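J.: Go ahead and model the full structure; you've got the sequences and the hints to work with.
2 protein chains.
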Amino acid sequence: MKVAVIGAGLIGQAWAIVFARGGCDVQLWDGDEQALDTARALVARQVAELEKQRLLHDAASVMSRIRTSASLEEALNGAQYVQENLPEKLEVKKEIFSKLDTLSDARAVLASSTSSIPASAFTEHLPGRHRCLVAHPVNPPYLIPVVELCGAPWTDKSVVETARSLHASVGQKPVVVHKELEGFVLNRLQGALLREAFRLVQNGYISVEDLDTTVKDGLGLRWAFMGPFETIDLNAPDGLQDYCNRYGGMYQSIAREQTSVDPWDVKVVDNIEQQRRSLLPKTELLDRRLWRDERLMELLRLKNMTDPVVPD
Amino acid sequence: MKVAVIGAGLIGQAWAIVFARGGCDVQLWDGDEQALDTARALVARQVAELEKQRLLHDAASVMSRIRTSASLEEALNGAQYVQENLPEKLEVKKEIFSKLDTLSDARAVLASSTSSIPASAFTEHLPGRHRCLVAHPVNPPYLIPVVELCGAPWTDKSVVETARSLHASVGQKPVVVHKELEGFVLNRLQGALLREAFRLVQNGYISVEDLDTTVKDGLGLRWAFMGPFETIDLNAPDGLQDYCNRYGGMYQSIAREQTSVDPWDVKVVDNIEQQRRSLLPKTELLDRRLWRDERLMELLRLKNMTDPVVPD
Numbered sequence: 001m002k003v004a005v006i007g008a009g010l011i012g013q014a015w016a017i018v019f020a021r022g023g024c025d026v027q028l029w030d031g032d033e034q035a036l037d038t039a040r041a042l043v044a045r046q047v048a049e050l051e052k053q054r055l056l057h058d059a060a061s062v063m064s065r066i067r068t069s070a071s072l073e074e075a076l077n078g079a080q081y082v083q084e085n086l087p088e089k090l091e092v093k094k095e096i097f098s099k100l101d102t103l104s105d106a107r108a109v110l111a112s113s114t115s116s117i118p119a120s121a122f123t124e125h126l127p128g129r130h131r132c133l134v135a136h137p138v139n140p141p142y143l144i145p146v147v148e149l150c151g152a153p154w155t156d157k158s159v160v161e162t163a164r165s166l167h168a169s170v171g172q173k174p175v176v177v178h179k180e181l182e183g184f185v186l187n188r189l190q191g192a193l194l195r196e197a198f199r200l201v202q203n204g205y206i207s208v209e210d211l212d213t214t215v216k217d218g219l220g221l222r223w224a225f226m227g228p229f230e231t232i233d234l235n236a237p238d239g240l241q242d243y244c245n246r247y248g249g250m251y252q253s254i255a256r257e258q259t260s261v262d263p264w265d266v267k268v269v270d271n272i273e274q275q276r277r278s279l280l281p282k283t284e285l286l287d288r289r290l291w292r293d294e295r296l297m298e299l300l301r302l303k304n305m306t307d308p309v310v311p312d
Numbered sequence: 001m002k003v004a005v006i007g008a009g010l011i012g013q014a015w016a017i018v019f020a021r022g023g024c025d026v027q028l029w030d031g032d033e034q035a036l037d038t039a040r041a042l043v044a045r046q047v048a049e050l051e052k053q054r055l056l057h058d059a060a061s062v063m064s065r066i067r068t069s070a071s072l073e074e075a076l077n078g079a080q081y082v083q084e085n086l087p088e089k090l091e092v093k094k095e096i097f098s099k100l101d102t103l104s105d106a107r108a109v110l111a112s113s114t115s116s117i118p119a120s121a122f123t124e125h126l127p128g129r130h131r132c133l134v135a136h137p138v139n140p141p142y143l144i145p146v147v148e149l150c151g152a153p154w155t156d157k158s159v160v161e162t163a164r165s166l167h168a169s170v171g172q173k174p175v176v177v178h179k180e181l182e183g184f185v186l187n188r189l190q191g192a193l194l195r196e197a198f199r200l201v202q203n204g205y206i207s208v209e210d211l212d213t214t215v216k217d218g219l220g221l222r223w224a225f226m227g228p229f230e231t232i233d234l235n236a237p238d239g240l241q242d243y244c245n246r247y248g249g250m251y252q253s254i255a256r257e258q259t260s261v262d263p264w265d266v267k268v269v270d271n272i273e274q275q276r277r278s279l280l281p282k283t284e285l286l287d288r289r290l291w292r293d294e295r296l297m298e299l300l301r302l303k304n305m306t307d308p309v310v311p312d
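Note that the protein sequences, when read in sequence, are chains A and B. For reference, each letter of the first sequence is one residue, going 1 to 312 in this note's numbering. For reference, each letter of the second sequence is one residue, going 1 to 312 in this note's numbering.
To be clear, the hints were calculated from the coordinates, so they are not data collected in a lab. Just so you know, not all the hints are guaranteed correct.
Capping the alpha-carbon separation at 20 Å, the derived lysine to aspartate or glutamate pairs in EDC-like fashion look like this [unchecked claim]: (1) B/Lys267 x A/Glu180; (2) B/Lys99 x B/Asp58; (3) A/Lys282 x B/Asp287; (4) A/Lys303 x B/Glu209; (5) A/Lys267 x B/Asp242; (6) A/Lys303 x B/Glu294; (7) B/Lys94 x B/Glu51; (8) A/Lys303 x B/Asp287; (9) B/Lys52 x B/Glu294; (10) A/Lys173 x B/Glu209; (11) B/Lys173 x B/Glu298; (12) A/Lys157 x B/Glu74; (13) B/Lys157 x A/Glu209; (14) A/Lys2 x A/Glu91; (15) A/Lys303 x B/Asp293.
Keep in mind it's a predicted model, so treat the numbers as computed, not measured.
T.: Rendered as structure tokens:
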């Protein structure tokens, strides 16, 4: 399987690793030749680190499957799947998708990593619009496996299905979003929880630190391997419906106090920022991101034991 | 430190384990003598399992610190902290707290495990109401360490502080909820996310299985060791405020579609229940709960490596 990765920034680099780790031949391209050289070095470093962390098997063979391409034509040559990662600007997406549709094999699937622009906004004008979709990763996709697949109204169901099998075959966890919507699913769920978190801090119910503790030492533990529906399904003797009968009233009553649509208040954001900075000075953000990635790697190794993410 | 655990159902049993594992002497009491015998056997079995799972060090010494008491007076004798776990009925709570206030040492802290009744509803009439609060666990507290502490308006700050240090000293993760509110914090956050999850399934955007995947292989991974505020703090180059500036507009726009306060629709609940039953037949609920507890144990062992929960 040949995959073209278009755009060699952080997300493009990460996709190259994911597909090469999963056994695909990757052709990586960027309009900026120097960016491409930098990308190759950064990918090599990250692949070595993942091998050290036992999150891939053979760094050398993974690297041997990643080639950089001197031109877009070369990158697309023979590719059955294309993952695009250019800047989040509508005009940029329109232009690159026109080129991809013209230059790629007519049967290739064309996917964009965009987190904010629906496929319909940049594919409507294309003869090959039926083969275009969004495949939205969480950064970095070699540590966080979910991928949200969301087509335009004219995207073929079989194209979504092809993308789903490809991502599953390289160890990702694709989910299908059946109709376009702002934020797809992950950020909408995150937004709903964040809004309540901001509200509780704003109204003096809890500190930023304690709110995070409530999630990381409570709610988030089960969600890390079950998700919210399975969690409540197991939390009432007779399953989910039983849970809804028991607690639906309480949740509805709470929901009546969760309807604000105001922007996040500037003073509240200031207050939360200050609380975060007293917990973690700005100078330590970078170190803490490395710490986060180590924790994600440990968690992924743990989940691999029962449910392998890294293909053999 | 002597702790009285009042009520020997599942939550009472679990608290006995938590406090004895943390080095306290536990006096366990229940109005039903047979329930008390059953509880002792179940606690012994669970303590042995936790030792096997390397989540406590010495089952025999933990068990030696748990005694069952023949009377409420005996259970309260010398106890500096009382954790009450009777049925979730206001009248039951009122009656037991009157007894606890009368019979316990005047300096003892009196805490209820209630998840739904605020402390003010069952302590207002008591001479010792300043020493009463809610200490709400997540089940089972020996695997899920967060405890929500929430006093009534008349609860002494020093009493909340005493409860906080005690819970922290036995390896729990206490958080302080500064004012009474329905659902405390954990269930309000859960409710906000669940409401959006129901909405997305109801409107045909995603399946139950894929929604759970979005959380367990995406959102929930970071929340399992960071919480939502630290997550966004690390997700923009310059920290949380930077994140809010970049994405606040998107989240506000999404929030405008998240304002429904209708009860969960019966047909939607039916639909979700059916999807869950095709993923997990009702006959397998029990096995899956054991699977869940094993995963929680693994996750706890992993978190113990960097941030010990089980005290030595």
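J.: Hint by hint, say whether it matches the structure.
T.: Results of checking the hints against the structure:
no., hint, in the structure
1, B/Lys267 x A/Glu180, "violated (23 Å)"
2, B/Lys99 x B/Asp58, "violated (34 Å)"
3, A/Lys282 x B/Asp287, "violated (46 Å)"
4, A/Lys303 x B/Glu209, "holds (18 Å)"
5, A/Lys267 x B/Asp242, "holds (14 Å)"
6, A/Lys303 x B/Glu294, "holds (12 Å)"
7, B/Lys94 x B/Glu51, "violated (37 Å)"
8, A/Lys303 x B/Asp287, "holds (19 Å)"
9, B/Lys52 x B/Glu294, "holds (12 Å)"
10, A/Lys173 x B/Glu209, "holds (11 Å)"
11, B/Lys173 x B/Glu298, "holds (18 Å)"
12, A/Lys157 x B/Glu74, "violated (69 Å)"
13, B/Lys157 x A/Glu209, "holds (19 Å)"
14, A/Lys2 x A/Glu91, "violated (27 Å)"
15, A/Lys303 x B/Asp293, "holds (14 Å)"
When the structure is compared with the earlier hints, violations turn up for hints 1, 2, 3, 7, 12 and 14 and for no others.
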